[in-house]
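Student: Going line by line, the protein sequences match chains A, B, C and D. Taken in order, the first sequence gives residues 1 to 154; the numbers are from the working numbering. Taken in order, the second sequence gives residues 1 to 154; the numbers are from the working numbering. Taken in order, the third sequence gives residues 1 to 84; the numbers are from the working numbering. Taken in order, the fourth sequence gives residues 1 to 84; the numbers are from the working numbering.
Hints in this document: simulated from the structure, not taken from any laboratory. Glycine is no exception: its CB is placed at the ideal position from the N, C-alpha and C atoms. Among the hints, erroneous ones may be present.
According to the in silico footprint, chain A covers these stretches of chain C (three or more CB under 8 Å from chain A) [what the hints assert, rightly or not]: (1) 40 to 49; (2) 52 to 64; (3) 69 to 80.
Coverage of chain D stretches by chain B, computed from C-beta distances (three or more under 8 Å per stretch; other residues unrestricted) [what the hints assert, rightly or not]: (4) 20 to 30; (5) 50 to 62.
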Amino acid sequence: MSIAVQHDDFDFAAEYAALRNRHRETGAIVSFVGLVRDFSDAQTVQHIELEHYPGMCENVLAQLVEEATERWQLLGARIVHRIGKLHPGDQIVLVLAAAPHRADAFSACEFMIDALKTRAPFWKKQTTTHGSEWLATKTSDQQRAARWNPEDRT
Amino acid sequence: MSIAVQHDDFDFAAEYAALRNRHRETGAIVSFVGLVRDFSDAQTVQHIELEHYPGMCENVLAQLVEEATERWQLLGARIVHRIGKLHPGDQIVLVLAAAPHRADAFSACEFMIDALKTRAPFWKKQTTTHGSEWLATKTSDQQRAARWNPEDRT
Amino acid sequence: MKITLLYFGRPAEKLGIHQESVEVPDTLQTLHELAAWLGQRGEAWAHELTESRVQFARNQTLVARNTPFAAADEIAVFSPISGG
Amino acid sequence: MKITLLYFGRPAEKLGIHQESVEVPDTLQTLHELAAWLGQRGEAWAHELTESRVQFARNQTLVARNTPFAAADEIAVFSPISGG
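Chain A with its partners taken away, still in its complex shape (with noise of 0.2 Å):
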């Protein structure tokens, strides 16, 4: 499988491993992890907990592998989401992309990631020290992923 949702801690050696071995013609592996950061808007943040909608969110998950493996020239694709409880430090989210050619495997990788943030069905709810709130989608992040639509490519 090319995704996964799980609770567990990912081992990103071995999941560079298993695309590195994958394919002899592979000359570029691009990978994205997006780490719990210990501040957010000059608040501690404590843990977060992420939730998720199970059977959709891995469909769209798996679209994305898909969307990007239509797009680019790719020899293999790789979304590990966790779920649940993570501390300042966790790693939340791995995706991997690797390809012939290394301008593949960064637009690849890049776009799983910003399309994952608008696309993908997972909740995060922030505790820092002045309490806990549900984070909503960033502006920002809505601006990335519309880089990618087809009608506003130029």
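Since chain A is already given, all that's left is putting chains B, C and D on it; use the hints.
Tutor: Frame of chain A, contents of chains B, C and D only:
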């Protein structure tokens, strides 16, 4: 040191872990790994030999990290490039960028590898079943590097 | 008509509900109308289901609030998504 | 004037030389002129140092072939770079 030029293979997992643990404000780590492909223009690659200009090469790589750090909000960056005889599947180069936000990490990582291709004094001699040849800078690499020139930005 | 309602994120927490099977009036056509109808359950419901606070999925696809729905649909109501 | 010449990549291999300390005529001003002067060493030199085949670094900085050079400079002559 944020850069290294070495004969030995690099340990991607160890490099990633070192960068991840450096700052608690890190929210995004983007990495690029370049690998020796087994085919080049439909010829089977047996091995490549990588030569560098000692001194100048390390200075250029350090300069790329410095430029990236000035241009984007980064919490860490690292470039490791191998020299010597490498075989298909071998890792050639690693570029890592850590930042509070992913836009900076993606741009910095892509800038560093694009600029490395046109500015860092490495030479690659490729041996296929048809013989050996010194590879030239690709036109596509020159174009990708030119995208980052300030005067070309729109 | 009978539909399945799922709640995620803020409304699930604030309204204390994750899933329900509910009989809704056949006169309701869009998700917007459904949200307004659910809002009649009380002040907390009206507050949490305010237009700016929720998004919808119909049968596991993100849709706009003016989307029609039908009997046997799985409708999810949630605060803006925020993964990654 | 005396300069240090370094060779990398294809010219280093084809001409069988990596480094030399050499006395060049004071009349030579640019790297282009230096390459032409070195090309007089023979057919292989003329061939390898053809304009389209080589790039230059002066004191460890990539420079254009019309760049002037001076005594005590470290001049590197190499085929187009191809790292990464």
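Student: Can you tell me if the segment 50 to 62 of chain D counts as covered by chain B, using C-beta to C-beta distances under 8 Å and a minimum of three residues?
Tutor: Holds: 4 residues of the segment 50 to 62 of chain D have a Cβ under 8 Å from chain B.
Student: How about the segment 40 to 49 of chain C: do at least three of its residues have a C-beta closer than 8 Å to a C-beta of chain A?
Tutor: With 0 residues close enough to chain A, the hint is violated.
Student: Establish whether the coverage given for the segment 69 to 80 of chain C by chain A is satisfied; the threshold is a Cβ-Cβ distance below 8 Å, and no fewer than three residues must meet it.
Tutor: Answer holds; 4 residues pass the 8 Å Cβ test.
Student: Take the segment 52 to 64 of chain C, compare each residue's beta carbon with every beta carbon of chain A, and decide whether three or more fall closer than 8 Å.
Tutor: holds (count 4)
Student: Cut-off 8 Å, C-beta pairs, minimum 3 residues; does the coverage of the segment 20 to 30 of chain D by chain B stand?
Tutor: Check failed, 0 qualifying residues.
Hints 1, 4, counting from the list given before, are not met by this structure.
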